[in-house]
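Based on the provided sequences and hints, a complete structural model is requested.
The residues making up each chain are set out below.
Number of protein chains: 2
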Amino acid sequence: MSGKEEIQSLEQLLSKLDVKDLESVNKILYGTGCSKLEIPNIQVEDFEIQSYKFSCPREQTRLPRITRVGVFQNKTPLETWAPIQEQRQALHNLAEKAIETAAKANVNIFCFQEAWTMPFAFCTREKVPWCEYAEDAEKGPTTRFLQNLAVKNNMVIISPILERDEDHNDVLWNTAVVIDNHGYYLGKHRKNHIPRVGDFNESTYYMEGNTGHPVFETEFGKIAINICYGRHHPLNWLMFGINGAEIVFNPSATTGELSEPLWGIEARNAAIANSYFTCAINRVGTEIFQNEFSSGNGKPAHKDFGHFYGASYIAAPNGSRTPGLSRINNGLLICEMDLNLCRQTKDFWGLQMTQRLDLYAKSLTVAVDPDFKPQVIKRI
Amino acid sequence: MSGKEEIQSLEQLLSKLDVKDLESVNKILYGTGCSKLEIPNIQVEDFEIQSYKFSCPREQTRLPRITRVGVFQNKTPLETWAPIQEQRQALHNLAEKAIETAAKANVNIFCFQEAWTMPFAFCTREKVPWCEYAEDAEKGPTTRFLQNLAVKNNMVIISPILERDEDHNDVLWNTAVVIDNHGYYLGKHRKNHIPRVGDFNESTYYMEGNTGHPVFETEFGKIAINICYGRHHPLNWLMFGINGAEIVFNPSATTGELSEPLWGIEARNAAIANSYFTCAINRVGTEIFQNEFSSGNGKPAHKDFGHFYGASYIAAPNGSRTPGLSRINNGLLICEMDLNLCRQTKDFWGLQMTQRLDLYAKSLTVAVDPDFKPQVIKRI
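Protein chains in written order, with this note's numbering: chain G, 1 to 380; chain E, 1 to 380.
One or more hints might be untrue.
Identical chains blur together in the list; that is why a pair holds if it fits in one copy or across any two.
To be verified - DSBU-like, lysine-lysine: derived pairs with alpha carbons at most 30 Å apart:
id	residue 1	residue 2
1	Lys152	Lys378
2	Lys97	Lys362
3	Lys378	Lys139
4	Lys378	Lys53
5	Lys104	Lys378
6	Lys362	Lys104
7	Lys378	Lys346
8	Lys16	Lys152
9	Lys97	Lys152
10	Lys299	Lys27
Please keep in mind that the hints were generated in silico from the structure rather than gathered at the bench. Source: prediction; values computed, not measured.
Structure (structure tokens):
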């Protein structure tokens, strides 16, 4: 544990400004397209709730396509060394509360944080017992559990888990499972880019995904999932856009010292560059492990992963965004959006039309040649 | 003219927070890698000066490669309808002061805003007299003028101008000229992506650039230029990175209502995603034209382009950034950086290693096929 006092949120600090100044700051930092959304007064003890909506002009030839998204950030409820079955059950219990609460607020699409059924144990480099958290994507206990909740609540659920692929020699993947609102397993996406950064030793557990950049066409919109470290890769975001995504979820697990100044930048830039909505979801809290581990930074071995700073948020194609959830507490962020805003933004900014994909298809093909020479101009 | 009072800067508003809160806000918003740089006390009336430096650990096998960059944002000094020769001369006079001032602070590389030798007249869609501002990139009066200043001050100068290409039928381009510190014309880059957004009618003047993504190898680092609207295109930023850029300048002209919430996001995301420094330079002030024009937004014809909000800033590969210059005044932003931070960041984050360029070269090649079908998963 870092021992220092974590601040509640950026927004809580900014709220100390006077009203007029705060309005100007918010306009520059967050744009003007987002406002509070009224939802039923729901009493829950386990997490905070924030709700917003993005504005969108009416069109003449299309009806609005209103969708409500819910994203959930949470601590692991038990000690990381509690038995696996108990930890998973505690997480399932919390998840059920979150989904039922989201349902009361008419959420249509719900997404958890990365590897939500387990502690983020990849810092340890231990295989035991963590590999035992892996589940079959289609028939594992978590998918079965969520299928019931999905059909009961008429909700699409995105469930990022550690996947065990029994059909291919028991290998592991970092995978997001998509369950549709009728409870059917719609498919899965495997994390395309795997970090080798600090405590993120994930490349010792699983490889780069082999599922491409699928977009899942649901009753509530065309959605995709860019898992965690993939948010650093603009090409990953781009391909989801090319495949037609309207909302891209970014379930993550990232810590303050490593990435906090980047957090508000990357998913939001992706929303702007690709004219779709993005939902950035981070873990929250500090996870302590039983055995000490080193972090490849010259410092002594220790038992915690640093502070997961939460601050989950949603960004719109026009560059507006919601405030962030808390940096320290469990939270459910609900956001209503009209998916028509995607095409409207494409028409307005013209980024797809002016994108010159053909140029870059050729440039990248040249660049990956081992004999590639960069285009450098210098005085001879 | 909008008539409303423009705020000084985001930073000026945030400075009303108490010291401890401001420190926390800055850490989240701007990272911790940037601090004030002491420079000689220089008295100038025409523009404000701000100076910063980015920190960078020492290496064992490479000496630090310290470079000082200066970027300049300015209003057009005369009325837009003043004679062309007078306007250009007034801008040259201001430029000379800026460069001489930067030289006193030991700046090595200097960059102007987009199309700095003229009003940003593309809003008017008039060809007369604006096309007359165009100059030959290599032998035009502005390049000749700057060559003298470059050699006198031992400074690389990037000069974004409207280019007249006499060798190819007199066509126009939006071009950045690079002059090395010995006064030699090093080469040019033509803007790759041309906007069709609101008053940015640039596609009626010039086409998408045909100079690829050149990186200019200078004595002070490998530099590139992503002109204005190209900052919305992650692939454009990417190719400069692939070609080895260490600093990418983004000379721009963009207005508040259109893009301000995006401004702090895009160039900074590019710095993070490509592990190089980026310098985002915006015009400042409101330019009024003699003849009214409409903006394609259903509103009455008018004579101004809206407020260019300045706020030029520099971002580092590790995600830290400088504060922004003023939203309302001319400004010179000076920043010292160790270019070794680029490779250090590549080693730390591993974004190039994990980039899977081969995957995307193939994916984009498939995507540009007119018969391309997106990867969509739906229940049958």
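Now for the hints, and whether the structure bears them out:
1. Lys152 - Lys378: between (65 Å within a copy, 20 Å between copies)
2. Lys97 - Lys362: Answer is neither; intra-copy 50 Å and inter-copy 43 Å both fail.
3. Lys378 - Lys139: For Lys378 and Lys139, the Cα distance is within 30 Å only across copies (19 Å; inside one copy 59 Å).
4. Lys378 - Lys53: For Lys378 and Lys53, only the inter-copy Cα distance (27 Å) is at most 30 Å; the intra-copy one is 51 Å.
5. Lys104 - Lys378: For Lys104 and Lys378, only the inter-copy Cα distance (26 Å) is at most 30 Å; the intra-copy one is 64 Å.
6. Lys362 - Lys104: neither (50 Å within a copy, 44 Å between copies)
7. Lys378 - Lys346: This pair counts as between: shortest inter-copy Cα distance 24 Å, intra-copy 38 Å.
8. Lys16 - Lys152: Classified as neither: same-chain Cα gap 42 Å, cross-chain 50 Å, threshold 30 Å.
9. Lys97 - Lys152: within (13 Å within a copy, 70 Å between copies)
10. Lys299 - Lys27: Between. Shortest inter-copy distance 23 Å satisfies the 30 Å Cα cut-off; intra-copy 41 Å does not.
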